[in-house]
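Take these sequences, add in the hints, and give me the full structure.
Protein sequence lines correspond, in order, to chains C and H.
Counting from 1, position 8 in the first sequence corresponds to residue 8 in UniProt numbering; the numbering is continuous, with no gaps.
Counting from 1, position 376 in the second sequence corresponds to residue 376 in UniProt numbering; the numbering is continuous, with no gaps.
Hints were generated in silico from the structure; no laboratory data involved.
Remember, predicted model here, so these are calculated numbers, not experimental data.
Heads up, a few of these hints could be off.
What the hints assert, rightly or not - Dumping the calculated DSSO-like pairs for lysine-lysine here, alpha-carbon to alpha-carbon at most 27 Å: (1) Lys405/C <-> Lys196/H; (2) Lys212/C <-> Lys196/H; (3) Lys212/C <-> Lys228/H; (4) Lys162/C <-> Lys371/H.
Stated by the list, open to error - Output of the computed footprint for chain H on chain C, the stretches with three or more beta carbons under 8 Å from beta carbons of chain H: (5) 218 to 224; (6) 350 to 364.
Stated by the list, open to error - What follows is a set of in silico ranges between Cβ atoms, one per label pair, in the way DEER data are often shown: (7) Asn134/C <-> Glu223/H: 46 to 54 Å; (8) Glu208/H <-> Lys138/C: 34 to 42 Å; (9) Ile309/H <-> Glu11/C: 43 to 51 Å; (10) Lys138/C <-> Val350/H: 47 to 55 Å; (11) Gly236/C <-> Ser187/H: 23 to 31 Å.
Even for Gly, the Cβ is constructed at its ideal location relative to N, Cα and C.
This is what each chain is made of:
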Amino acid sequence: MHGRVKVRTTEEEVARKQKERQEKLKKFKYAMQKIQGKRNQGELDKELLELTGNVLSSNPDIYTLWNIRREIFTLFLKDDAMLDEMCALYDAELQLTEYCLKINPKSYGAWHQREWVLTTRSDPNWAQELAVCNKYLKLDERNFHTWDYRRFVVSKCKPSLKDEFDFTTEKLHDNFSNYSAWHYRSKMLVALFPDVEGGRPIEDSHHKHELKMVQSAAFTDPDDTSAWFYQRWLLGAVRNSVKLVVVTVTKSKTTLAFNQYVSHDYVKDKIQIVFNKSTIAGDWISCTGNQYDIVWIFKHTETIQDDMEIEVEHDGDNGKNVVGCVKVKPFTFIGKNQISFQKSYSEPVLKELETQLDACRQLLALEPDNKWTLLTTTVFLYCIDAKKYHNEVIENLQALKSIDKLRIGYYNDLITKWCIENQLNNYHGDNSISFKISFDEKISSLPHLQFYSHCENVDLSNQNISSKGLPSLIVLQNCKNLSLNNNKLTTLKGFPSLELEVLDLQNNDLDKSEVDLLKEKLNCNIIF
Amino acid sequence: MDDDLPTDFEVIVVGTGMVESIVAAACSRIGKNVLHLDSSDHYGGLWASYNFDGLQKFIKEVNADPKRQWPVYNLSEKWYIEKESSEPEQNEDKKEGDENKTDDSKAETQKKIWSQANFTAEYRKFNIDMTPKLLFSRGPLVELLISSNIARYAEFRCVTRVLTWLNDRLAPVPCSRADVFATEAVSIVEKRMLMKMLTSIVGYNEEEMNNEFKDWNDKTFKEYLTHKGLTPNLIHYVLYAIAGGTDKMPCLEGVKECKKFLMSLGRYGNTPFLWPMYGSGELPQCFCRLCAVFGGVYCLNRPIDKVEIKTLDEGKRVVAIQSKSKTLNCNNLVVGIDECPKEMLPTEPVETSDISKAVFITNGTIMPSEKEPLTLLRFPPLTEEGHAVTVLEVGPATGSCPKGLFVVYFITKMVKDAESDLQQYAARIFDFSGDQTAESDKPKCLYSLYYNVKDTSVPVQSVASEVHVCAGPDVGLDFDRAVEQAEQVFKKICPGEEFLPRAPDPEEIVFEDDVTHGPEFARHDDEEGDAQ
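Put into structure tokens, the structure is as follows:
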């Protein structure tokens, strides 16, 4: 036949590849041996640079070789004769890493080496480095290594925040499934557009714009979670200050509960306990023994009298807040603060949320079983007016449990949290020292339990609390009677050391031996 | 005539249009002995691309001898600019002067004033297509180019945007996920509706398809979209721009077209389309090149005079072709419809509608954008009896024209003639005043060419089973029908053979005693020894 070409068959091809691989392996082993040999001999020279460079160009992930190269560079730096050459060597090193990153764009070693070169050499070109990052992000806009490295470069060359913010816009317009870009955007947003006047993290018009943008992404592709993360972050971007929620003073203990975790330094500096108009001294002890806590115990040597005047001063973010305590029974004083879980958005942002809620409702009419639409609607309702929409929110969450079965636990926890918050709405005026769930939904976890740290009687019977929730009980520092009757407890591991008198553990799937052990530890009456 | 062209071939292909070239490559690739002829001095036939000089020659040729390029008629060429620049030197000076100024933006906006002489001087920078077409990124031609390894002969650019004519102005069509996200033209509820419609059309399997559309057989796509609750804006995007349809488009066809469009998204760029660098006319040549690599013999400027079927002694039939007083024999003749002698065609003419086309050369894009755009614009019909109009705008980056210019193609089904069918569309996006200095939000049209082409895309059965007639270009956006027909012709000539199997890369080719060392490219003797 004329003009025909002969082509390798697939078998020949396989055999050829196999052979090639074996040869590669042989070469690799030989090179690694030689490298180790030279290093052991202390021959940290240019030849070793070349040897390690060759191996790295096909295997960029061998950390050891990058380490050896840095050793060589460090040695060269001490050598005055090398002075003129260093610049060229650094450039070559950058070229090598760039080559390696082409092979594996997620090579930790290569990115790290680049960082090392640029921070070590005296003449780094940061602008050029930023261009390299942008080039790599063009090739793979989601590579978190590049984003991470880029943040490092940005910290050095300091481009304008606005440019950086616009860069994220550009990247998100290419492809909005990009956690790194949304995250970076959130950082730029609060740095660039804080609401100085209103004391909120983000200025109104920008907060609105971002909400719009993320809603657009969420509606374009609801199955993409990156946008939802950003949306939740935006919705949570409200003023959030530390509040003292309840003070309890008894003969045995003085406890303070906060709405969020605060440090030892915080309570030491910001809180003053005043008995009969005089500030008293004492030590702060976390109830869990951690650095940050929501319930702090104040150890002091004063004697508690039945007719004391007790006040707690909190030097908070919004000025001084004085909580006066009332006597609820002999030798027991309680002071509470007005609390609200309602997020306080500015008027324009709230308007925007209402518009978006409206859009969600329209969509929901079109596709009532769409999980994302229903969830977003629910979150909006909660954020706009949790109290007003409480029943609708809970109904929606119940519906979501049957639409999205994989996340039943998540929805249960949300129901629990938001129902407790709703119950806490009447918290301030109530001076009872008993706590009982007052709604029909069963709770599956124990959020906001520190609000009840003053209660002597805590009735958590007939709920869905599992053993995982037990450690949270530590905040019940003043509890004497605790009922966990008819829950989902399977073990008592993690049960905190509380000074209980009666503990009801009936109707749980528990081992008697465990109960006996706990009885010994707590030294209380356990009903089982 | 005395030439050393061999006279006996297994396959002779006449005409270097798309279908013919694919068949030639496919036959040569599996070892058929192929001769490929063309009556013109260039490749492509009706599918050719011309530089500006070539275009002028083509126009002259058609005007002088209408029979030579019989499918083309109604040519009407018009200039909107001066023959010579009135003060060319001064103009240059002025430009330089501007560049020296510190105000860069002003220098940039200063547009070159074009004259006909400039076109002539830069004629080689033009590649003007007679049959401009796009490739769907996952369409049959792209797949064929990849699977056959012919793609290495070609270069492409992504179409950067799809536009439509909506509410009396140009509007970008949000067709990809990124577009839908970024657009401010539709509300968020519409975004969800649009994405839902698009993803469900792509996602339907056959059963779901049958289920969803069982009652829609005799209804229009527009009725379906309306039934699904899409807003008028969304219906416009989906029906006119994505499906490329009209109000009359049948539902199932609309769904099919949408699916084709959407399936091709996300492979190479932000739109589903590729445009061949240097024009669509490059593509037939890529196939010819493969044909030649596998031993095909090429001869341009070689018209054929007569075709006869001869029966030899054993009852074997051969096709005898008279060309320049030489007889060429083959078992199978593949011939483009525009080159086919009348005696080989059936006597009753095929019913077809003709095509109206236009080429405009302008001094700017129809809608400015950050980077040089490559645009597909789909006009819905503006009149009751009219058809949808496809517009392609290509710029210097595609190798179609010199810097500062754009080539814009218009294609539609003929109603009256090219000029009356297309002028009203062109008038909406171009400024025909010819005044290049006046401010205008539309680009200035510098040159226009209207023409009609007979639609020769309907397959024609020749009178002899050894003669295979290849269809000409259709009015459609893509090359799909040409690929399909080429494969059918090939299957007839070489039943049971593989259609364009992957051509080896040079390094995969084995030279006899060179197996272990891989591809050293040397030793001409050995290569020849192998071949014998």
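To see whether the hints hold, each was checked on the structure:
no.: 1; hint: Lys405/C <-> Lys196/H; verdict: 22 Å, holds
no.: 2; hint: Lys212/C <-> Lys196/H; verdict: 20 Å, holds
no.: 3; hint: Lys212/C <-> Lys228/H; verdict: 26 Å, holds
no.: 4; hint: Lys162/C <-> Lys371/H; verdict: 22 Å, holds
no.: 5; hint: 218 to 224; verdict: holds (count 4)
no.: 6; hint: 350 to 364; verdict: holds (count 4)
no.: 7; hint: Asn134/C <-> Glu223/H: 46 to 54 Å; verdict: 48 Å, holds
no.: 8; hint: Glu208/H <-> Lys138/C: 34 to 42 Å; verdict: 38 Å, holds
no.: 9; hint: Ile309/H <-> Glu11/C: 43 to 51 Å; verdict: 45 Å, holds
no.: 10; hint: Lys138/C <-> Val350/H: 47 to 55 Å; verdict: 51 Å, holds
no.: 11; hint: Gly236/C <-> Ser187/H: 23 to 31 Å; verdict: 26 Å, holds
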